[in-house]
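Asks: Dock chain W against chain Z, hints included.
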Amino acid sequence: MNILIKLQQIDRRVIYALVVVVLAVPLIFHPAGHPTLVTPEVHRAFEVIDQIPKDKMVILSSAWGPSTESENGPQTAVLMRHMFMKGIRFGIVSWDQAGSQVTYKIGTSLEKELHKQYGVDWVHFGFKLLNEAALRGIGTDLPTTMKNDKLGKLVSRLPVMNGIKDFHNIGAVVEISASGTLEGTMIYTTQPNGLSLLYCPTAVMSVEAYKYLDSGQVKGMLNSAVGAAQYETLIGMSDVTTQASITTWALSTAHIFIIVLILLGNLGYIASKKAARRQGGEASND
Amino acid sequence: MTTSTHHGLWSILWGAVVAERHGTVLALLIAGSLLVGAGILWMLMSVPTRYRKPVVMAVTFLGGLILALEFLAGSEKWHPLTDFLPTYGNVQMVIGSFALLLGIINLFMIHGQAVSKRTKGWANSLAFFVAFFAIMMAGFVKDYATAKAVSGSADSIFTVFFEGFLMPLSSTMFSMIAFYIASAAYRAFRIRSTESALMMITASILMLGLVPAGLYLTAWLPEPLSWLRLENLSAWLLVGPNMAVQRAMAFGIAVGALAVGLRIWLSLERGSFFDRQL
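Sequence lines, in order, name chains Z and W. Using this note's numbering, the letters of the first sequence correspond one by one to residues 1 to 286. Using this note's numbering, the letters of the second sequence correspond one by one to residues 1001 to 1278.
Just so you know, these hints were derived from the structure itself, not from any lab.
Cβ-Cβ distance ranges computed for the label pairs, FRET-style: (1) Z:N2 x W:I1177: 31 to 39 Å; (2) Z:T144 x W:A1073: 18 to 26 Å; (3) W:I1040 x Z:S109: 44 to 52 Å.
Simulated pairs of lysine-lysine, BS3-like, Cα-Cα distance not exceeding 30 Å: (4) W:K1142 x Z:K153; (5) W:K1148 x Z:K116; (6) Z:K147 x Z:K56; (7) Z:K147 x W:K1148; (8) Z:K112 x W:K1142; (9) Z:K105 x Z:K150; (10) Z:K54 x Z:K150; (11) Z:K116 x Z:K54; (12) Z:K147 x W:K1142; (13) W:K1142 x Z:K150; (14) Z:K274 x Z:K6; (15) W:K1148 x Z:K105; (16) Z:K153 x W:K1148; (17) Z:K147 x Z:K165; (18) Z:K150 x W:K1148; (19) Z:K112 x W:K1148; (20) W:K1142 x Z:K105; (21) Z:K116 x Z:K150.
Where is the CB? At the ideal position from N, CA and C, for every residue including glycine.
Pulled out of the complex, with its shape left as it was, chain Z reads as follows (with noise of 0.2 Å):
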């Protein structure tokens, strides 16, 4: 009994060190197995990227930094990959300065990985004030609105853009993001302009979603790296490791993880009320 007590008084020191140790078995691995399971709002993503004409562009929103880059980062990269593949043409707008040259980063390091070129098979429009002009400005005149790209290159200028100019060439917007901005992009970019928006929020963010997925309103979701995992099972990557099949396996390690210290904790919690009522029914014998 006295065991069961203590469980529920474990220092934070030792919960701390678990930590460390559930998460760096996935991460010293690198598991390549992605999840066999693919919920319908990843499957739906999939689906709007995958019948996008050729002539149509995809703008990536990105509103993350490196601090959730594990989540975004995954995230980013398989769309970046599938739209590669496909021969989609996408640019991408930071709202995060840091985010700016992490997506940058991103892009060109799968543009060397997939022979791609960039200003012809993609562009980077760099860091941009988020406001409600830049975002009207995406639907009403896209190359005006971002005037130039991240390297300072005019973007009308550069070939990826040719015959880009306003929503009639957006296949979709992808919101990719570590915060609020999922609203404001609706409201002034998809909604008036019949435009398919799709959500990479974080984890935590996820919940928040599920009314305009519900409505519409947002066509698809890829749930953090969990979503990103599922999206790369879809593009035929399931046996490859990685960041998101890595951050996937070390999220699940650590959810089983607290699930068992809630356990502990209860169990204890249950036995010393189990030994505090033996106590006071003693005590009133005695």
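Replies: Frame of chain Z, contents of chain W only:
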């Protein structure tokens, strides 16, 4: 004068204002704009409240009115305002930059005092100055140095600062949440009441239902009982109870945001005029 002549003259004048400039002209324009902006702010802060109020109210109202009219009139019926939107965005960006400058001034004042007075932890304040100037200089030299060797070296230094320091430090700060969540969940999730039991069960289902390892736990359940599988239970929780609550909250927040937006637009909000109280 015909309408088309008016339009042509307007385009020429507007074109001259927003035309792209480089080098010394650009630097002079930036410095001039900063001076003019600082001058306007100084003037606003030094004039008595009764003169300041109408100016701030008018600018705020006009700013809001442009967006409201543009949105309500519809882009196809109100071309001049729609065309004005990119410029509006640029103006907003410039005003936002002043806020950035205020933030930097504030940081300099706080950390400058800490360094000059050698208060506790002054070395951290010194580290702020070193980091600030180092990454700023590396960034400027990387982008603007004309000699390739110089810009190349600055680029390498910038990469070390960005990828070697900023990125891992940001990730580390965010990752620390994992430790606190594990510790807090262990301490706080006690089944003390029916409500806490419900919350714990719901949280556990969602945590396991969203990750692949959790799916294996109930994969053995036969088809008639497949609704009890963790992924199906968590999906039901998300699109059922969660969505209903989220939708109700969204309606409440939207009504509140409308009221706050209206108050700011009409300058009814406290502190709209650099005052403590209206």
